[in-house]
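Residues per chain, in single letters:
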Amino acid sequence: MSITMSPAHNIESAAVNERTVDAALRAEGISCWFGKRKVLEDVNLVMERNTVVALIGPSGCGKSTFLRTLNRMHELTPTAALAGAVYLNDVDIYGPELKASVTRQRIGMVFQKPNPFPAMSVRENVLSGLKLTGTKVGNSEELVQWALLKASLWEEVKNRLDAPGGSLSGGQQQRLCIARSLAVKPEVLLMDEPCSALDPTSTRRVEETISEIADDITVVIVTHNMQQAQRVSDTCAFFLAEENRPGHIVESGLTEQMFTNPADPRTNDYVNGRFG
Amino acid sequence: MSTASVSGAPRRPRTFGRREATELIAPLAIAGVVTTVLFAITPLAGPVGFVIVMYSLFIAQYYWYARRTHGVKAGVDRAVTVVISSAAAFTILPLVFIMGFVVAKGAKSLTWGFFHHTMEGVAPGAPASAGGAFHAIIGTLIQVALATFICVPFGVLTAVYLQEVRGRFVPLVRVIVDAMSGLPSIVAGLFIFAVWVVGLGQGFSGLAASLALGVLMLPTVARTTEEMLKLVDPSLREASTALGAPQWRTVLRVVLPTARSGIITAVILGIARIAGETAPLLMTSFGNDRANPTKTLSEPQESLPLFIYRQITSSQGASVDRAWSAALVLVAIVLVLFVVARVLGRTRPAK
Ligand SMILES: Nc1ncnc2c1ncn2[C@@H]1O[C@H](COP(=O)(O)OP(=O)(O)OP(=O)(O)O)[C@@H](O)[C@H]1O
Ligand SMILES: [Mg+2]
Chain A
1 MSITMSPAHN IESAAVNERT VDAALRAEGI SCWFGKRKVL EDVNLVMERN
51 TVVALIGPSG CGKSTFLRTL NRMHELTPTA ALAGAVYLND VDIYGPELKA
101 SVTRQRIGMV FQKPNPFPAM SVRENVLSGL KLTGTKVGNS EELVQWALLK
151 ASLWEEVKNR LDAPGGSLSG GQQQRLCIAR SLAVKPEVLL MDEPCSALDP
201 TSTRRVEETI SEIADDITVV IVTHNMQQAQ RVSDTCAFFL AEENRPGHIV
251 ESGLTEQMFT NPADPRTNDY VNGRFG
Chain B
1001 MSTASVSGAP RRPRTFGRRE ATELIAPLAI AGVVTTVLFA ITPLAGPVGF
1051 VIVMYSLFIA QYYWYARRTH GVKAGVDRAV TVVISSAAAF TILPLVFIMG
1101 FVVAKGAKSL TWGFFHHTME GVAPGAPASA GGAFHAIIGT LIQVALATFI
1151 CVPFGVLTAV YLQEVRGRFV PLVRVIVDAM SGLPSIVAGL FIFAVWVVGL
1201 GQGFSGLAAS LALGVLMLPT VARTTEEMLK LVDPSLREAS TALGAPQWRT
1251 VLRVVLPTAR SGIITAVILG IARIAGETAP LLMTSFGNDR ANPTKTLSEP
1301 QESLPLFIYR QITSSQGASV DRAWSAALVL VAIVLVLFVV ARVLGRTRPA
1351 K
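Residue numbers (the working numbering), protein chains in the order written: chain A, 1 to 276; chain B, 1001 to 1351.
Honestly, the hints are just simulated from the structure, not real lab data.
It should be emphasised that the depicted structure is a prediction, and the values quoted were computed from it without experimental measurement.
Errors might be hidden in some of the hints.
[As the list claims (entries may be wrong)] Cβ-to-Cβ under 7 Å is the rule here; a few derived chain B residues that face chain A:
| # | residue |
| --- | --- |
| 1 | Ile1142 |
| 2 | Ala1245 |
| 3 | Pro1246 |
| 4 | Leu1252 |
| 5 | Thr1258 |
| 6 | Gly1262 |
| 7 | Arg1273 |
[Said to hold, decoys possible] Sample of chain B residues lacking proximity to chain A, with all beta carbon distances greater than 12 Å (derived):
| # | residue |
| --- | --- |
| 8 | Ala1026 |
| 9 | Pro1047 |
| 10 | Val1076 |
| 11 | Tyr1161 |
| 12 | Val1232 |
| 13 | Pro1234 |
| 14 | Leu1236 |
| 15 | Ser1240 |
| 16 | Thr1241 |
| 17 | Ala1242 |
| 18 | Thr1250 |
| 19 | Val1254 |
| 20 | Val1255 |
| 21 | Ala1259 |
| 22 | Ser1315 |
Don't be surprised by glycine CBs; every beta carbon is placed ideally from N, CA and C.
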């Protein structure tokens, strides 16, 4: 819905102008390696504040890798290397001003496979981010309810907050993971194919959640589902890895534009499903 | 006919009913009779041969019948199920025999007095009813508890270092832990004897025994815990890190709680490893006829393995009876510890 309602997008129908955009997150010249193998080359992307940015592209083109550079998860892989910079509100997250753990608190992440903590109850799962970062909270009950409401899970679990996190269904677990990420009040939420393990109903609910949280959070979502990209995202970036060329962005811009009138023929082929 | 089984009351598939029991017992009985006849009229002889022949006949018939009535797949399925079940039964057979033997021998002179008397002032030739193992029981409980208390933090920390921290010294630590697990228990005893009892002049004590037992327990706890940590889904560590947790909090709040029942298993295995150790005690706690729980740190102390050893070696009839009773108590204590640890491992603490 924010696609049609955001006036900024209607005015700027061409490529997003970096100077006028309020960037929550900005990637500059990102290149990634696993060992000697370069999997991403010179990726530049501006992620505008309080919008949903979709990363699309064929399997293996480096979407997950790129996403993981945005909150410093990439460096946890022993062989991983990185070049370039990522700016969170114009502060380089790889610079000395920001600790990795603080960066990750401010830039949350939801994974492809739901991974609630099995040794914790639903409530403890929601509050786990605070416990894990040693953050004190005044009214934890209120926070639990707020996060679960945001993740549209409250109605389903309000009577079993003490049940183990693993006892929920897959779709509920994924929304619990979203609630867990929201409870630490991040500025950006990264989602790597959050619906690929879910049924259509759960997918729909997660998409609703995404639209809702985008009012005050910047969301970056990787998806293989073109309809989903169209439904939830404001802007889109198309990644591609070609023979002898590591993953890079072929084209990025407003989702509407990318899907109706893409500049590059390869984008056109991909969004219309005529692609490898 | 089939509608009855489709609707009908809820039932569990493949339950073991009367029919299944008959299908099992009938071939068993036939095999028994045929084998008895075979052994009577042919040169076949001996109990081991009897069991083998009878078992083969039984399986063959069982397979043949299931195959005729339910088809080849069902025949194979059932025959393999029975073979595997009997293999499992076979492995616990020695255990059952040993336990049965200990119970039979030990229960004979096991009286209430055995639990609250000590051997203080009991004459060498006194009947089994005089004297008891109270002092040895508390000694064992104290020493094992103390050893666990000393060892578990080190063991778990070692496992965390090997599996979570993965520091530079992992290969070295691994070699040391492996070497320790191959350490003969008497060498652990000698080590504590040389360093603690004599070297530092601490003398024989329950604590010295606990130290030796702790040394023996450490590799078991460390390696088993490490295996349990390996089983923790890496995506949980990732989720925790992505929430902004430093590694130590991830380990403390996510990894260890998730592996909790596994770690308890590791501790049980460690306790099982040391509870019956005798050799290292000879040089560390030495043995005592009196109960002295408050002097654990300073005086020689009895424990059940030492009690058994000392009673057996005195070779009086009554002493041997006491030794058997003590063996029964020791086995029972280990069993109770297992059950308690299992229960602790299963239930989540209420919040
Ligand atoms: N841990 C790793 N070690 C080595 N190579 C890796 C690792 N993770 C990813 N790669 C490689 O990096 C490239 C990009 O992988 P990435 O997971 O980012 O792709 P993706 O676009 O997310 O694909 P998908 O859509 O299938 O999830 C792939 O060629 C992959 O083989
Ligand atoms: Mg991926």
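Here's how the hints hold up against the structure:
Here the hint on B:Ile1142 is broken, as its CB sits about 32 Å from the closest CB of chain A, past 7 Å. The beta carbon of B:Ala1245 is positioned within 7 Å of a beta carbon in chain A (closest approach about 4 Å), and the interface hint is therefore held. At its closest, the beta carbon of B:Pro1246 sits 6 Å from a beta carbon of chain A; the interface hint therefore holds under the 7 Å criterion. Because the closest C-beta pair between B:Leu1252 and chain A is about 9 Å apart, greater than 7 Å, the hint is violated.
This hint holds: B:Thr1258 has a C-beta 5 Å from the nearest C-beta of chain A, less than the 7 Å allowed. With a cut of 7 Å, the hint placing B:Gly1262 at the interface with chain A is violated, because the nearest CB-to-CB distance is about 11 Å. Checking B:Arg1273 against chain A: minimum C-beta separation of about 27 Å lies over 7 Å; hint violated. No Cβ of chain A approaches the Cβ of B:Ala1026 within 12 Å, the least distance being about 45 Å, so the stated non-interface status holds.
Listed as outside the interface, B:Pro1047 is consistent with that label: its C-beta sits roughly 50 Å from the nearest C-beta of chain A, beyond the 12 Å cut-off. Listed as outside the interface, B:Val1076 is consistent with that label: its C-beta sits roughly 35 Å from the nearest C-beta of chain A, beyond the 12 Å cut-off. Here B:Tyr1161 stays apart from chain A, with its beta-carbon at least about 17 Å from theirs, past the 12 Å limit. Separation of B:Val1232 from chain A is inadequate, the least Cβ-Cβ distance of about 9 Å not exceeding the 12 Å criterion.
A beta-carbon of chain A comes within 12 Å of the beta-carbon of B:Pro1234; the shortest separation is about 10 Å. At the 12 Å boundary, the C-beta of B:Leu1236 falls inside the reach of chain A, the nearest C-beta of that chain being 6 Å off. A cut-off of 12 Å between C-beta atoms contradicts the statement that B:Ser1240 is not in contact with chain A; the least separation is 6 Å. Against chain A, the non-interface label of B:Thr1241 is violated: not every CB pair exceeds 12 Å, the least being about 7 Å.
At the 12 Å boundary, the C-beta of B:Ala1242 falls inside the reach of chain A, the nearest C-beta of that chain being 4 Å off. Listed as a non-interface residue, B:Thr1250 fails to keep its Cβ farther than 12 Å from every Cβ of chain A; the least gap is roughly 7 Å. Once the 12 Å rule is applied to beta carbons, B:Val1254 is inconsistent with being away from chain A; the minimum gap is 6 Å. A beta-carbon of chain A comes within 12 Å of the beta-carbon of B:Val1255; the shortest separation is about 9 Å.
A cut-off of 12 Å between C-beta atoms contradicts the statement that B:Ala1259 is not in contact with chain A; the least separation is 9 Å. With a minimum CB-CB distance of about 53 Å to chain A, B:Ser1315 clears the 12 Å threshold, and the non-interface call stands.
Of the numbered hints stated above, those contradicted by the structure are hints 1, 4, 6, 7, 12, 13, 14, 15, 16, 17, 18, 19, 20, 21, listed in ascending order.
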